[in-house]
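Enquirer: One-letter residues, chain by chain:
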Amino acid sequence: MSAHPPSERRQRLVVVGHGMVGHRFVQAAIERGVTETHDVVVVGDESRPAYDRVGLTTFFEVGADALSLLPTGGYDDPRVRLLLGTEVTAIDTEARTVGFAEGDLDYDALVLATGAAPFVPPIEGRDLDGCFVYRTIEDLEAIRDAAAHEGARVGAVIGGGLLGLEAADALARLGLETHVVEMAPRLMAVQVDDAGGAVLTRHVEQLGLTVHTGARTSAVLGDRGRVTGLALADAEPVAADLVVFSAGIRPRDALARAAGLEVAERGGVLVDEQCRTSDPHVWAIGECAAPAGRMYGLVAPGYAMAEVVADVLVGGSGSFTGADMSTKLKLMGVDVASFGDAFASTEGALELVYADAVTGVYKKLVVSEDGRTLLGGILVGDASAYGVLRPMVASGIALPDNPEDLILPAGRGGGTELGAGLPDEAQVCSCNDVSKGEIVAAVAREDGPCDSAGCVTRCTGAGSTCGSCKPVVKTIVEDWFAAQGRVVDRSLCEHFAMTRQELFDAIAVHGHTSFAAVLAAHGTGRGCDVCKPTVASILASQLNHHVLEAGARVLQDTNDAFLANIQKNGTYSVMPRIAGGEVTPDKLIVLGEVARDFGLYTKITGGQRIDLLGARMEQLPAIWRRLVDAGFESGHAYGKSLRTVKSCVGSTWCRYGVQDSTSLAIMLEERYRGLRSPHKIKGGVSGCARECAEARGKDFGVIATEKGWNLYVGGNGGASPVHARLLAQDLDTATLVRYLDRFLMYYVRTADRLQRTAPWVESLDGGLDRLREVVVDDALGLGEALEAAMAQHVDTYFDEWAATLEDPDKLARFTSFVNAPDVPDPNISFSSTRGQAEPLLHEGPVDLGATIAVGAPR
Amino acid sequence: MTAAPGATTTWTTVCPLARIDVEGGVTALVGGRAVAVFRTHDDAVYALDNVDPFSRASVLARGIVGTRGDVPFVASPMLKQPFDLRTGVCLDDPEVRVASYAVRVVDGVVEVAAPEPGPGG
Numbered sequence: 001m002s003a004h005p006p007s008e009r010r011q012r013l014v015v016v017g018h019g020m021v022g023h024r025f026v027q028a029a030i031e032r033g034v035t036e037t038h039d040v041v042v043v044g045d046e047s048r049p050a051y052d053r054v055g056l057t058t059f060f061e062v063g064a065d066a067l068s069l070l071p072t073g074g075y076d077d078p079r080v081r082l083l084l085g086t087e088v089t090a091i092d093t094e095a096r097t098v099g100f101a102e103g104d105l106d107y108d109a110l111v112l113a114t115g116a117a118p119f120v121p122p123i124e125g126r127d128l129d130g131c132f133v134y135r136t137i138e139d140l141e142a143i144r145d146a147a148a149h150e151g152a153r154v155g156a157v158i159g160g161g162l163l164g165l166e167a168a169d170a171l172a173r174l175g176l177e178t179h180v181v182e183m184a185p186r187l188m189a190v191q192v193d194d195a196g197g198a199v200l201t202r203h204v205e206q207l208g209l210t211v212h213t214g215a216r217t218s219a220v221l222g223d224r225g226r227v228t229g230l231a232l233a234d235a236e237p238v239a240a241d242l243v244v245f246s247a248g249i250r251p252r253d254a255l256a257r258a259a260g261l262e263v264a265e266r267g268g269v270l271v272d273e274q275c276r277t278s279d280p281h282v283w284a285i286g287e288c289a290a291p292a293g294r295m296y297g298l299v300a301p302g303y304a305m306a307e308v309v310a311d312v313l314v315g316g317s318g319s320f321t322g323a324d325m326s327t328k329l330k331l332m333g334v335d336v337a338s339f340g341d342a343f344a345s346t347e348g349a350l351e352l353v354y355a356d357a358v359t360g361v362y363k364k365l366v367v368s369e370d371g372r373t374l375l376g377g378i379l380v381g382d383a384s385a386y387g388v389l390r391p392m393v394a395s396g397i398a399l400p401d402n403p404e405d406l407i408l409p410a411g412r413g414g415g416t417e418l419g420a421g422l423p424d425e426a427q428v429c430s431c432n433d434v435s436k437g438e439i440v441a442a443v444a445r446e447d448g449p450c451d452s453a454g455c456v457t458r459c460t461g462a463g464s465t466c467g468s469c470k471p472v473v474k475t476i477v478e479d480w481f482a483a484q485g486r487v488v489d490r491s492l493c494e495h496f497a498m499t500r501q502e503l504f505d506a507i508a509v510h511g512h513t514s515f516a517a518v519l520a521a522h523g524t525g526r527g528c529d530v531c532k533p534t535v536a537s538i539l540a541s542q543l544n545h546h547v548l549e550a551g552a553r554v555l556q557d558t559n560d561a562f563l564a565n566i567q568k569n570g571t572y573s574v575m576p577r578i579a580g581g582e583v584t585p586d587k588l589i590v591l592g593e594v595a596r597d598f599g600l601y602t603k604i605t606g607g608q609r610i611d612l613l614g615a616r617m618e619q620l621p622a623i624w625r626r627l628v629d630a631g632f633e634s635g636h637a638y639g640k641s642l643r644t645v646k647s648c649v650g651s652t653w654c655r656y657g658v659q660d661s662t663s664l665a666i667m668l669e670e671r672y673r674g675l676r677s678p679h680k681i682k683g684g685v686s687g688c689a690r691e692c693a694e695a696r697g698k699d700f701g702v703i704a705t706e707k708g709w710n711l712y713v714g715g716n717g718g719a720s721p722v723h724a725r726l727l728a729q730d731l732d733t734a735t736l737v738r739y740l741d742r743f744l745m746y747y748v749r750t751a752d753r754l755q756r757t758a759p760w761v762e763s764l765d766g767g768l769d770r771l772r773e774v775v776v777d778d779a780l781g782l783g784e785a786l787e788a789a790m791a792q793h794v795d796t797y798f799d800e801w802a803a804t805l806e807d808p809d810k811l812a813r814f815t816s817f818v819n820a821p822d823v824p825d826p827n828i829s830f831s832s833t834r835g836q837a838e839p840l841l842h843e844g845p846v847d848l849g850a851t852i853a854v855g856a857p858r
Numbered sequence: 001m002t003a004a005p006g007a008t009t010t011w012t013t014v015c016p017l018a019r020i021d022v023e024g025g026v027t028a029l030v031g032g033r034a035v036a037v038f039r040t041h042d043d044a045v046y047a048l049d050n051v052d053p054f055s056r057a058s059v060l061a062r063g064i065v066g067t068r069g070d071v072p073f074v075a076s077p078m079l080k081q082p083f084d085l086r087t088g089v090c091l092d093d094p095e096v097r098v099a100s101y102a103v104r105v106v107d108g109v110v111e112v113a114a115p116e117p118g119p120g121g
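If you read the protein sequences in the order shown, they are chains A and B.
If you use full-length UniProt numbering, the first sequence corresponds to residues 1 to 858, in order.
If you use full-length UniProt numbering, the second sequence corresponds to residues 1 to 121, in order.
Quick caveat, the hints were computed from the structure, so don't treat them as lab data.
No incorrect hints appear here.
No more than 30 Å apart at the CA atoms, straight line, and that leaves these computed lysine-lysine pairs for DSS-like:
no., chain 1, residue 1, chain 2, residue 2
1, B, K80, A, K680
2, A, K810, A, K568
3, B, K80, A, K568
4, A, K587, A, K810
5, A, K680, A, K603
6, A, K568, A, K587
7, B, K80, A, K810
8, A, K603, B, K80
Covered stretches of chain A (in silico footprint by chain B; criterion: 3 or more residues with CB under 8 Å from a CB of chain B, positions within the stretch not fixed):
no., region
9, 562-570
10, 819-830
The following label-pair restraints were derived from C-beta to C-beta distances:
no., chain 1, residue 1, chain 2, residue 2, range
11, A, L811, B, K80, 20 to 30 Å
12, B, K80, A, D145, 52 to 62 Å
13, A, R690, B, D93, 46 to 56 Å
14, B, E95, A, K330, 53 to 63 Å
These numbers were taken from a predicted model, which means no experiment stands behind them.
Just so you know, even glycine gets a beta-carbon here, dropped at the ideal spot from N, CA and C.
Here chain A stands alone, though its shape is the one from the complex (with noise of 0.2 Å):
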């Protein structure tokens, strides 16, 4: 059919499946140059792109767009045809062609990533309604349905592995009394031994759970088509008005055994090394198929089979041998980790415990009779020593000659570091697979070596999936760093040594309130552009003080010493406070007067307010005289501090709206206005979950559920967008208030110099999740001191211009010429533009002979 050669014809690649590991082997293919030769047609039978199925526990908070690997909904690559929900019929592996409902489509290579089913044990009552799996976005969406239906008060998840005690979770967050029904003695039974099950069983009930272990689900009782609850084997039923079968999955390896392909005795498609089929043009990878006979039910020896499959297709030699099933995951707040031989199998192993009942921390290392080799580990309550142990197993480094130090408490002998010690070949990320040896290529090429474990986690995609092993990735590059005599240098500048944080502690602590006593103190010589704005802030944030008070002023950047923001031509902008961005229209009509009367560019901004621009520093105060007067205050848009709360108008007008987004909006942006911080903060309120404020691209963004509000933190636009993520959810307006007076002043005291959230977030040890620790569970006892702080800072809150238009000393600095203050600046003059004043920039030094003869300055 074709005039070209054979060797010249392009190949047509089919895939079927678009889960995690399909999307993951499209995306090999097009990087490895698969598409070259190649058109490819991938096949998923679910309505939706691939999405993160892993992450399917966070979908009622984040939702589904959150989730998605492939937002856009299509590969950029054209030579890649996506189809979705589209079932394959039968395979013919003869003819080489995958049928479908409306034809076949010939394929010259077949790739099968289908997936596993959820396992429903044969019993009575599995069909009636009421019964769901959890295994797509579909299924919770309706376990959602079911628990929002009316006198839904119970649920029943059938399973307490990894997959089970998720779905509970879901349960629970969904306001269900909820059990867990396990067969094993213990949850969790294939990761933890009975101890470590013990202390999980703990944690799960401390949560409001009720397990029942050793319990054997006979049947699901109805009445009237409806679930009803659990009979037990040899045990008082279980009353449920919805039950989740989360018992294991199965291979989905239907399609194959149609087509004749070889399956594994226990399921799953069998397949070779470079995971080939019995049919040499028929590959299968994922949770379908069956190296050697065995099936792996995780996400990364998946990611490592598309790998192998996308190399031997451009003539590579990779191989799947096997995969490390170590697990660490985080369920209902509690760690949970386990590596290696984690029950001892290995003949002599020896198991060193650590155990504490009182705050729920079970720790096991399984080493070599000699005591000298990891061999596995169990890890519950704590699993912060996973990134330093896990590596240790791969890699067999002798332990250290008191290994118990590896999983004692810090302070208890325990904290050991590691990261030098490991050889190269040893995997750090077991996520993307990344080895000792390529972070410190990383940091070590000579093209644009990274600079930073940051930098690092972006370039090799170490870190960049769980995030465990980022604290053994600093380690290594702050050790190579070190290795090289190049100290990781975070003095502030030539006159500190310290960083934002440590200055900010050393001024609390010494009391200090002004930058002469600051450096006597603590720096060397007289300061520079970057400490003394720095020290300015801190100063600010600890005592509120006029940021203009003499011995201040001279400290302040650029826009904080005039109150104004300066412009290329060295003009201000003006932008009063429009708190929320509701604003009355007699006010609106004092802005556009006070426009019009001094000549003001004006435009609206983004955060919903209005800019004046093009004011001469000495026309500041007439300008804030009129709109004080009229009652603006400053809106703090030259101040490293909270800029606006951007709100939608929420339930007041909108129909959509489940919360009053404006009022909070407004009472938040006059909370937190004029705190000093490390750089800007912004914030936005949402009145439902539409978020028409655009909040999770803010600093903090608050949105509206039916039950109160879901806050969401370390968001930003700029260069380089983030999005805010959820800190905690359903809270009323009080709770709010108290996590975000914790969250911004914990900001304010810990971030680096012009560190925003997104970053500073990421920099805490432990992300997010230390975050919510430190905000929502007062693990530090900071709390009460973090809201005192910011009372006092409520308390204190005066505004600057209003301030400054009452003090002649402060007033005495807006003049153009101290010797002239009647003669204008001749170097500042405007042209215009659509009707509107724009600056024009001389060549040099004007001279006021030369400019007067061509056209006043205005």
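Start from chain A and add chain B according to the hints.
Expert: Chain B alone, transformed into the frame defined by chain A:
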């Protein structure tokens, strides 16, 4: 182009020294030009042309005054380029300099030497 103050130099009165914040600056009109006058911690005074050559805006007097090593400097409030208060030379780019002017304090009053009239000026 530091004007060597000679017998014929015209001195322009700026303001009392006390009017300038320690480690701060003011703008003065000297011979039709905008001149930035700074006072350092030791009460020394310096005068530079007020126009920042990088941004071409008349703003240097509004910059932060500090030291780099032992060099007193002002950081432009626009894009932070540092200029040596004594010479006007940009510390990060010695090819660039702003004019500096002779300055003195007489009976507590700061005076700046007017620039020589330029050709054709």
